[in-house]
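There are 2 protein chains.
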Amino acid sequence: MKIYDSKTAPNPRRVRIFVAEKGIQIPYEEVDLVKAVNRGEEFRKKNPSGGVPVLELDDGTCISETVAICRYLEELHANPPLMGVDAKDCAIVEMWQRRMELELLIPIADAFRLRHDFFKGKVRQLPEYAEVQKQNAEDRLKRLNNELANRQFIAGDRYTIADITALCAVDFGRVSKIGIQPDQSNLARWHAEVSARPSAKA
Amino acid sequence: MKIYDSKTAPNPRRVRIFVAEKGIQIPYEEVDLVKAVNRGEEFRKKNPSGGVPVLELDDGTCISETVAICRYLEELHANPPLMGVDAKDCAIVEMWQRRMELELLIPIADAFRLRHDFFKGKVRQLPEYAEVQKQNAEDRLKRLNNELANRQFIAGDRYTIADITALCAVDFGRVSKIGIQPDQSNLARWHAEVSARPSAKA
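In order, the protein sequence lines correspond to chains A and B. Taking the numbering used here, I'd label the letters of the first sequence as residues 566 to 767. Taking the numbering used here, I'd label the letters of the second sequence as residues 566 to 767.
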């Protein structure tokens, strides 16, 4: 088993933190995104969509999509549970994982890739929509600050994949000047707490 | 158990098809999206993000997010399996479900909501990006047509949640004039086949 990785993109970091929380060892291979190796013919045999991370199994099967990789690892290594412990809890964790991804990480990623030179010629850019997504992300952070008033973690009282997605989103926001505001103390408390875990350095 | 539903939006249809494929009975309550009931204070107690569908459990817990609802139902009713049968298969199905959602359904939904009057004042619109997402969706359909050359269903040789997501995406594309092209015969074959299942009428 092996993971195609990148130290600069937010999605590979989600998988590295997940792996670190599980306490498992998987070899990583860095993919040079600056040289667009991930968009080359060879890499597209592993993931036709050209994204990292990709988990390559020993039989050659390639799993792309961050959450699909995490689910595979969760199946193989149940403890500590990061995707829920029973049907209802799994659904709640998945709901929050998706909210953090669709409502926070994707707007934050769009704020970068729709206007930054790094993505020029790689995606159809539109700086005006990058700005819209920046505002959408800022609205979502404001709401998240309120939601965190009464609970320790994103999906409840246990650290889960939803925290990993939100942490990687917030930290990646820096490149687009999206961040926690001085009056968002619940969000700041949560961010300090999840950032202090050893896995955050992964 | 009860599902807050809408007959016009693509995400609730994904859940209705999933439920129909499982052969289970769950009462539906139609939410009036035209009157924006889903954006009102009462409904936001069930889903603060204001979207349908929402699954309300007998203990009052509300699960929103289509795939979280499907996962809960999959846990309760294992057969027929729609989200994979073992760790590797579950990961492959999840990968394809996500590709169909992130690369096809979301672009198709954006092509509508970023420019149509129905969403005026509800989301930050930008018709230029609606057009970009229309092109992204059309590119993805072209690629999907090639991918379907060698297999019956989206994720392999079994009907899964990935087919449901793709079907709802393609059918919703009609409102934005996004659709299967005359030369996309693999896509047309697949669409005819999944549309012929009784669940497609759900």
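Among the hints, erroneous ones may be present.
All copies of an identical chain are treated as equivalent in the list; a pair is satisfied when it fits inside any one copy or across any two copies.
Claimed, not checked - Subject to a maximum C-alpha distance of 20 Å in a straight line, what follows is the list of computed DMTMM-like cross-link-like pairs (lysine to aspartate or glutamate):
id, residue 1, residue 2
1, Lys587, Glu621
2, Lys707, Glu758
3, Lys707, Asp570
4, Lys653, Asp748
5, Lys567, Asp722
6, Lys766, Asp748
7, Lys685, Glu668
8, Lys610, Asp651
9, Lys600, Glu758
10, Lys687, Asp597
11, Lys610, Asp704
In short, the hints are calculated from the structure, not lab data.
Do the hints match the structure? See the list:
| no. | hint | verdict |
| --- | --- | --- |
| 1 | Lys587 <-> Glu621 | within (18 Å within a copy, 32 Å between copies) |
| 2 | Lys707 <-> Glu758 | within (18 Å within a copy, 45 Å between copies) |
| 3 | Lys707 <-> Asp570 | neither (31 Å within a copy, 28 Å between copies) |
| 4 | Lys653 <-> Asp748 | neither (33 Å within a copy, 44 Å between copies) |
| 5 | Lys567 <-> Asp722 | neither (32 Å within a copy, 26 Å between copies) |
| 6 | Lys766 <-> Asp748 | neither (26 Å within a copy, 49 Å between copies) |
| 7 | Lys685 <-> Glu668 | between (24 Å within a copy, 19 Å between copies) |
| 8 | Lys610 <-> Asp651 | neither (36 Å within a copy, 24 Å between copies) |
| 9 | Lys600 <-> Glu758 | neither (35 Å within a copy, 42 Å between copies) |
| 10 | Lys687 <-> Asp597 | within (15 Å within a copy, 40 Å between copies) |
| 11 | Lys610 <-> Asp704 | between (38 Å within a copy, 18 Å between copies) |
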